[in-house]
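There are 2 protein chains.
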Amino acid sequence: MGKLLIVGTVAFDAIETPFGKTDKILGGAATFIGLAASQFNVNSAIISIVGDDLPKEYLKLLSDKNIDLTGLEVVKGGKTFYWKGKYHNDLNSRDTLVTELNVLADFNPIVPDNFKDADVVMLGNLHPNIQMSVINQMTVRPKLIVLDTMNFWMDNSLPELLEVIKHIDVLTINDEEARQLTGEYSLVKAAAKIETMGPKYVVIKKGEHGALLFHKSKVFFAPALPLEEVFDPTGAGDTFAGGFAGYLAQTENISFNNLKNAIIQGSNLASFCVEKFGTERMLNLKKEEVNKRLLQFRELSQFDIELQ
Amino acid sequence: MGKLLIVGTVAFDAIETPFGKTDKILGGAATFIGLAASQFNVNSAIISIVGDDLPKEYLKLLSDKNIDLTGLEVVKGGKTFYWKGKYHNDLNSRDTLVTELNVLADFNPIVPDNFKDADVVMLGNLHPNIQMSVINQMTVRPKLIVLDTMNFWMDNSLPELLEVIKHIDVLTINDEEARQLTGEYSLVKAAAKIETMGPKYVVIKKGEHGALLFHKSKVFFAPALPLEEVFDPTGAGDTFAGGFAGYLAQTENISFNNLKNAIIQGSNLASFCVEKFGTERMLNLKKEEVNKRLLQFRELSQFDIELQ
Numbered sequence: 001m002g003k004l005l006i007v008g009t010v011a012f013d014a015i016e017t018p019f020g021k022t023d024k025i026l027g028g029a030a031t032f033i034g035l036a037a038s039q040f041n042v043n044s045a046i047i048s049i050v051g052d053d054l055p056k057e058y059l060k061l062l063s064d065k066n067i068d069l070t071g072l073e074v075v076k077g078g079k080t081f082y083w084k085g086k087y088h089n090d091l092n093s094r095d096t097l098v099t100e101l102n103v104l105a106d107f108n109p110i111v112p113d114n115f116k117d118a119d120v121v122m123l124g125n126l127h128p129n130i131q132m133s134v135i136n137q138m139t140v141r142p143k144l145i146v147l148d149t150m151n152f153w154m155d156n157s158l159p160e161l162l163e164v165i166k167h168i169d170v171l172t173i174n175d176e177e178a179r180q181l182t183g184e185y186s187l188v189k190a191a192a193k194i195e196t197m198g199p200k201y202v203v204i205k206k207g208e209h210g211a212l213l214f215h216k217s218k219v220f221f222a223p224a225l226p227l228e229e230v231f232d233p234t235g236a237g238d239t240f241a242g243g244f245a246g247y248l249a250q251t252e253n254i255s256f257n258n259l260k261n262a263i264i265q266g267s268n269l270a271s272f273c274v275e276k277f278g279t280e281r282m283l284n285l286k287k288e289e290v291n292k293r294l295l296q297f298r299e300l301s302q303f304d305i306e307l308q
Numbered sequence: 001m002g003k004l005l006i007v008g009t010v011a012f013d014a015i016e017t018p019f020g021k022t023d024k025i026l027g028g029a030a031t032f033i034g035l036a037a038s039q040f041n042v043n044s045a046i047i048s049i050v051g052d053d054l055p056k057e058y059l060k061l062l063s064d065k066n067i068d069l070t071g072l073e074v075v076k077g078g079k080t081f082y083w084k085g086k087y088h089n090d091l092n093s094r095d096t097l098v099t100e101l102n103v104l105a106d107f108n109p110i111v112p113d114n115f116k117d118a119d120v121v122m123l124g125n126l127h128p129n130i131q132m133s134v135i136n137q138m139t140v141r142p143k144l145i146v147l148d149t150m151n152f153w154m155d156n157s158l159p160e161l162l163e164v165i166k167h168i169d170v171l172t173i174n175d176e177e178a179r180q181l182t183g184e185y186s187l188v189k190a191a192a193k194i195e196t197m198g199p200k201y202v203v204i205k206k207g208e209h210g211a212l213l214f215h216k217s218k219v220f221f222a223p224a225l226p227l228e229e230v231f232d233p234t235g236a237g238d239t240f241a242g243g244f245a246g247y248l249a250q251t252e253n254i255s256f257n258n259l260k261n262a263i264i265q266g267s268n269l270a271s272f273c274v275e276k277f278g279t280e281r282m283l284n285l286k287k288e289e290v291n292k293r294l295l296q297f298r299e300l301s302q303f304d305i306e307l308q
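If you read the protein sequences in the order shown, they are chains B and E. full-length UniProt numbering applies: residue 1 is where the first sequence begins, and numbers increase by one. full-length UniProt numbering applies: residue 1 is where the second sequence begins, and numbers increase by one.
Chain B extracted, bound-state conformation:
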């Protein structure tokens, strides 16, 4: 059972999809990452910051999953990061209606002493300087540092992003962002270029079209499970990353073949996340359901090759 350190937002989300809308509910990258990772046998901790307007019961939902919240700062009188978004009919694109950074604007992450030797560090999407600060506080080089980011930081903090990328092992990024970061349209070429920037592994997320894992000349593709209904895509990418990192922290094996398995585990968990609003599905997810769907993933992509 390895140690997994997660840094990212714990937030209020308000979501509107073609199927309905929510008031402020629990969201944030670290929340989804932590819930996904809690499906595995790991010792995990979240570093984040919230205001005291965040209901204590939300934090209890996380600590009930055995996630260490020592590094989660609650600012007295502070307001929690708030995101409000509306998805278009195809659920593949969305408009951000509100982004209030609030306490996140002054976030200074502190790694708890007993996680300074974490096996896996999962750096959720945040300012690259915050991600770098977490890496710098580690007293033992983690077996694996995974970083998620987005186009916003490429537009606004590219030098800082390029600096932190030098120090990581796995970059998770979507297809458009991989193209933006490298100027290469071909994802094969984009991944190769990213590998020269630092990461040994590149995971390119393609949403409903699955995910690709690149390492040198090797490539692995994990499909997304075709679903009858996608209800709310919020958190799917973070759930994917959390499943990926959680599985690797549990198995403590960072071979390419095990990274393949980790990608499948992440895809599997993400397929649940989108079935309900926010964290609802992940909070009540049973091991039997997870295992059943893993078998569907095998059916979905395994075949008997026949050479001619």
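Hint data in this document are derived by calculation from the structure and do not stem from the laboratory. What you are looking at is a predicted structure, and each value in this text was computed from that prediction instead of being measured. Honestly, I wouldn't trust all of these hints.
Since the list gives no way to pick one copy over another, a pair counts as held whenever it fits inside one copy or between any two copies.
[Unchecked claim] No farther apart than 27 Å at their CA atoms in a straight line, the calculated lysine-lysine pairs in the BS3-like style are these: (1) Lys206 to Lys218; (2) Lys76 to Lys189; (3) Lys287 to Lys218; (4) Lys56 to Lys193.
Since the structure of chain B is provided, determine the placement of chain E on it from the hints.
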């Protein structure tokens, strides 16, 4: 070694991509289907129509691959179907600059006697009445009838399309067309609806995002091989269909598991087709290259599932 009957266009294509342009070269759905199927141990025939402006050497390229051209009518003084198109920079979309039906406007397909008992019939994209006429001429119900179509026929000949669809076993269609045909955004729901229209199997092509095979509650996903460079996508869908149908005609096994393999074989051949203009890559494709890339497909999508 099964018999494969192919109906479709043999045509002139003129293609422009970001990487270059061609004058009129050999193209057409039946051409690509036939070349792909010729990679397998099959007895195949093409039914089509051309004008005598089509160089005899083009037809020789096909007959050299042991494709029976008895059913390919050459109209004296007639002009061959001509398509000219220009691909956008991302190669995912294109503008049609010229479409001249020419002799295709009066195409009346005649199935050669010795193919009226074909094991597999591959109906390339054409007017649904032409596709229906071929089915009606079969004296023995084929083991498998595969039909490819496009949005043009949904817009202009929907009743005829729905009629022929009743009589087939496999529909191959792209994701947008599946949505148009059924009014369902979810591909799972779209495929289920199409199965109520006649076909037992539905293959949904997603281009660079791979292909899905549906049958009742089963689903299989074949990735597209991530390529460094896509040079010219023309014919990729037909090559996919030809590999699919050709493999099934060779193996004469239409179980779901073997259809999975057929989808992989089709995806594999399509990955070659896009590497050069038109038919160039397919005409010179070696068995060793095909086998080598099949192994890459295995690496690309096979994993060791671990239940928790």
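Identical-chain pair category, Lys206 with Lys218, by Cα at 27 Å
both (18 Å within a copy, 23 Å between copies)
field: 27 Å Cα threshold - placement of Lys218 relative to Lys287
entry: between (31 Å within a copy, 22 Å between copies)
| field | Status of Lys193 relative to Lys56 across identical chains (alpha carbons, at most 27 Å) | value | Intra 44 Å, inter 46 Å, cutoff 27 Å: neither.
How would you classify Lys76 and Lys189 at a CA-CA limit of 27 Å: within, between, both, or neither? The answer is neither: 48 Å in one copy and 49 Å across copies each exceed 27 Å.
The structure does not agree with the numbered hints 2, 4 stated previously, though it agrees with the rest.
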